[in-house]
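J.: Spelled out from the first residue to the last, the chains are:
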Amino acid sequence: MRPLYLTFNVYFAFVRKSFQRRMQYRVANLAGLTTNFFFLLVHIFVYTAFYAASTEPQPLNLNEIITYFVLCQVSFMLMPFWGARSEVTQAIKDGSVALQLTKPVDFHAYWFADECGRACYFLLMRGCPTFLISILFFEVTIPQQFTVFMAFAASMVLAIFMSAAIMITIFSSAFWTLDTAGISGMSGSVIMLFSGMLVPIALWPEWLAHIAEWLPFAGLIDVPFSIYLGKTTGGAILTAIGKQMMWCIIFLGLGRFFLSRGFSRLVIQGG
Amino acid sequence: MIEVENLSKTFKVYHHRQGFFGSFVNLFSRKHRIVQAVDNVSFSIKRGEVVGYLGPNGAGKSTTLKMLTGILVPTSGRVTVNGYIPHRQRKENAKHIGVVFGQRSHLWFDLPVQESFELLQRIYRIPQVEYNQNVEMFDALLNIGKFFRTPVRQLSLGQRMRADIAAALLHNPEVLFLDEPTIGLDVVAKARIRQFIQQINTERQVTVVLTTHDLDDVEKLCKRVILIDKARLCFDGELAALRRLLSTERILSVDYAETYSDISIPQAHVTYQEGNRVQYRFSPEEISTANLIGAILQRFKIVDISVQEPDIEELIKTVYEDNRALEQRFTETDAIDLTNRNT
Amino acid sequence: MHHLSLYLHFVKLRIRSQMEYRFSFVFDLFSQASIAVIDFFMIALLFNRFKELAGWRLWEVGFLYGMIGVCFAVAEMVGRGFDVFQNSVVRGDFDTILIRPLGTFFQVFSQDFLLRRVGRFSQAFVILLIANSQLTISWSFVKVGYLLVSLVSGTSFFIGLFVIGATSCFWTIQSIEIINIFTNGGVFMGSYPFSIYRRWFRHFFTFIVPLACVNYFPALFLMEKVVPSGVSTLGVYLAPFAGFLFLGITMLFWRWGVLHYQSTGH
Chain A
123 MRPLYLTFNV
133 YFAFVRKSFQ
143 RRMQYRVANL
153 AGLTTNFFFL
163 LVHIFVYTAF
173 YAASTEPQPL
183 NLNEIITYFV
193 LCQVSFMLMP
203 FWGARSEVTQ
213 AIKDGSVALQ
223 LTKPVDFHAY
233 WFADECGRAC
243 YFLLMRGCPT
253 FLISILFFEV
263 TIPQQFTVFM
273 AFAASMVLAI
283 FMSAAIMITI
293 FSSAFWTLDT
303 AGISGMSGSV
313 IMLFSGMLVP
323 IALWPEWLAH
333 IAEWLPFAGL
343 IDVPFSIYLG
353 KTTGGAILTA
363 IGKQMMWCII
373 FLGLGRFFLS
383 RGFSRLVIQG
393 G
Chain B
355 MIEVENLSKT
365 FKVYHHRQGF
375 FGSFVNLFSR
385 KHRIVQAVDN
395 VSFSIKRGEV
405 VGYLGPNGAG
415 KSTTLKMLTG
425 ILVPTSGRVT
435 VNGYIPHRQR
445 KENAKHIGVV
455 FGQRSHLWFD
465 LPVQESFELL
475 QRIYRIPQVE
485 YNQNVEMFDA
495 LLNIGKFFRT
505 PVRQLSLGQR
515 MRADIAAALL
525 HNPEVLFLDE
535 PTIGLDVVAK
545 ARIRQFIQQI
555 NTERQVTVVL
565 TTHDLDDVEK
575 LCKRVILIDK
585 ARLCFDGELA
595 ALRRLLSTER
605 ILSVDYAETY
615 SDISIPQAHV
625 TYQEGNRVQY
635 RFSPEEISTA
645 NLIGAILQRF
655 KIVDISVQEP
665 DIEELIKTVY
675 EDNRALEQRF
685 TETDAIDLTN
695 RNT
Chain C
40 MHHLSLYLHF
50 VKLRIRSQME
60 YRFSFVFDLF
70 SQASIAVIDF
80 FMIALLFNRF
90 KELAGWRLWE
100 VGFLYGMIGV
110 CFAVAEMVGR
120 GFDVFQNSVV
130 RGDFDTILIR
140 PLGTFFQVFS
150 QDFLLRRVGR
160 FSQAFVILLI
170 ANSQLTISWS
180 FVKVGYLLVS
190 LVSGTSFFIG
200 LFVIGATSCF
210 WTIQSIEIIN
220 IFTNGGVFMG
230 SYPFSIYRRW
240 FRHFFTFIVP
250 LACVNYFPAL
260 FLMEKVVPSG
270 VSTLGVYLAP
280 FAGFLFLGIT
290 MLFWRWGVLH
300 YQSTGH
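In order, the protein sequence lines correspond to chains A, B and C.
The opening residue of the first sequence carries number 123 in my numbering; numbering runs sequentially from there.
The opening residue of the second sequence carries number 355 in my numbering; numbering runs sequentially from there.
The opening residue of the third sequence carries number 40 in my numbering; numbering runs sequentially from there.
For reference, chain A alone in the conformation it holds in the complex (with noise of 0.2 Å):
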């Protein structure tokens, strides 16, 4: 048995691996910021105007909304409503994929690294600068206590983890279905609906709003960030973060259980 530490070397080179490939397309980068900034402005013009017509107090004033939507941009490109990545599912489809199987790594665990290295990269090159910029822009609210970073820390962090458990959840779909399109923009939709990322849950009717604590979605966008702009405290958040952990070994069991299912299916199959 090898010490867990190089287990965990191994998988980390993965992860920086997953970094590293991405690297290379920065112009792409720097159109994908353009296009964050385009929807994140007019995100704000529209709820400018709202609220310009409104006299009624609202869950979140103004300066939180637009707090939101620009996290909303930030972890946008962190987020599973992609669906499954083309390159993963034409190999799942040509088969090449067994040829996993010959690595001594474990697959899912290798495709979670692979994952949590395209999160970093997007976290870091697209999500800070469209925050750092955002900030100088726009009325950005920041949270004055440090155990509320950090606890937005926490949670953003396992947000990431359960956004790679479901996307391998969503990919692994191509083993049994030829088209993973019309799965990946279908539960794509619905991920991003339930997540608040189109409509912060705050604003939301009660009873829709009821229908997506009880889904697991809202733990990618709407739970770190009401942690973030002080919307949920104290014990409050202890539960959400519960809740997140809990989503979290959810989907990663489940992922495990299709990827296993998928591949003695290939073999048996012979590709």
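The set of hints was computed from the structure by calculation and includes no laboratory data.
Any given hint might turn out to be false.
Unchecked claim - Restraint ranges, calculated between C-beta atoms of paired labels, are given here: (1) 224/A <-> 359/B: 53 to 61 Å; (2) 134/A <-> 47/C: 20 to 28 Å; (3) 302/C <-> 139/A: 33 to 41 Å; (4) 276/C <-> 257/A: 43 to 51 Å; (5) 479/B <-> 290/C: 21 to 29 Å; (6) 132/A <-> 504/B: 44 to 52 Å; (7) 538/B <-> 387/A: 43 to 51 Å; (8) 217/A <-> 504/B: 15 to 23 Å.
We put the CB at the ideal spot given by N, CA and C, even for glycine.
Keeping the supplied structure of chain A fixed, place chains B and C upon it in accordance with the hints.
T.: Chains B and C alone, transformed into the frame defined by chain A:
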């Protein structure tokens, strides 16, 4: 049929700056250097000829072919094909030429061969009678009927190549351009395609220009070869002449009856020795074959003896490696007309 | 005529090959529509809370949304060849187009036809119909004609955007994503009345990228809403033609791109 005069093509190759800042600067200003892909090439091809256009990788073969088919615009020089200037009269030219690139298919990937052909019939406005005749003929020669209803993506490489060549000839073009038509194919498939090209050439007087790495293709198909190297034309003439020109060296293989300690013979070099089998390389200008054999028989007992000409692959390798030597020989022999080149 | 019959033949082939995978086709149709439904649902959600936006009510915005949605869906359906053009440039398939005796623009245009966008089209169209029933638009022949011209113009506008994206592939494919700002982003921002945007933003999307001309101004005219100050009535009448002009300019850009390709290869 095809006239090429002082044809040149230069490309700008961009230098990419490294680093984050560099890639940003790349968006606005890019450094480049000029690469000469085709340099002052001239030749003319008559109707009904089959010409092998040869050269090592990156010599400018494909670039020339792309200028002849209207895909690329020349930097300078003149090209006419069937009287059309390909890059100016691209559509007109396209009606009268057939093009096959061995590396990729021009057919519709997800359509059955038959539907691809019918589409081409519409695109080129081929009359029904003519279309039927052609399909029938191609089926007889290439046996495309067997996979006529199969989508192109499911064809084997050999089948795909046959379909592609047939497709390029559906509209009865006067010229057929083939870029590596036998690449990656097995021996049987190669033979079949060669035979077909030959037949099309003799029966329909289709002019064929062919680039290839496979020298069997050249030997079987082409009377005439044009060689280019480093963007320049370095030989244009009959294959036999090229061979004559270069095959001044021959190889003599001898199987000796006994083992001799000293087997050296003046004016011949030992190139290979294994057991009692020895190969000598010699030049007939220095020592005639008869004299050499005589000298051997005088000193040794032999079992077998044979004289070989080096194969064409060797020949062409020599040309590429020793371009200058060839040039010198040109001045001595007048066997080949070398088109004007200014160096 | 030759081109038209050829185009229809291409479309027929494309539709048939997409119907081969019937399950995936139907599934996609629904997923397309459901994604779009979620889009509008979110707008409705906001109106449920805020009641109005810069003087516009939900179904007035719904009318805007339906118009832009229909245009985009049709543009994606017919302009697919340009939308996915970067793949064919990377594969080197453009050489094949150049050896055919037909124009390059026509060939890329007829290369693909994405029938499954019918899902998105019908969703947007239904919203447009509902919006119409909720509003009291006094329809006349002129207005119906004007609406049709606007829709075709809006479709041309989006196709023009795809053409720009495709043409830029002759130089680089790394920055191609930027066109999404105008396509997906255009649908998003076109779903809201233009008066909520800042001046520079409005001007950019009127005079340079004429999104407002094919959507907002026509909607103003059709719903007989008050034309904002600084906009002439004649301008509103003529606005839809900006889409055609835009497509025409992008076609010139395409031609230039092809010349560039022919002189540089790739």
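J.: Could you run down the list of hints and mark each one as holding or not?
T.: Against the structure, the hints:
no.	hint	in the structure
1	224/A <-> 359/B: 53 to 61 Å	holds, 57 Å
2	134/A <-> 47/C: 20 to 28 Å	violated, 57 Å
3	302/C <-> 139/A: 33 to 41 Å	holds, 39 Å
4	276/C <-> 257/A: 43 to 51 Å	holds, 45 Å
5	479/B <-> 290/C: 21 to 29 Å	holds, 25 Å
6	132/A <-> 504/B: 44 to 52 Å	holds, 45 Å
7	538/B <-> 387/A: 43 to 51 Å	violated, 33 Å
8	217/A <-> 504/B: 15 to 23 Å	holds, 21 Å
Of the numbered hints listed earlier, those contradicted by the structure are 2 and 7.
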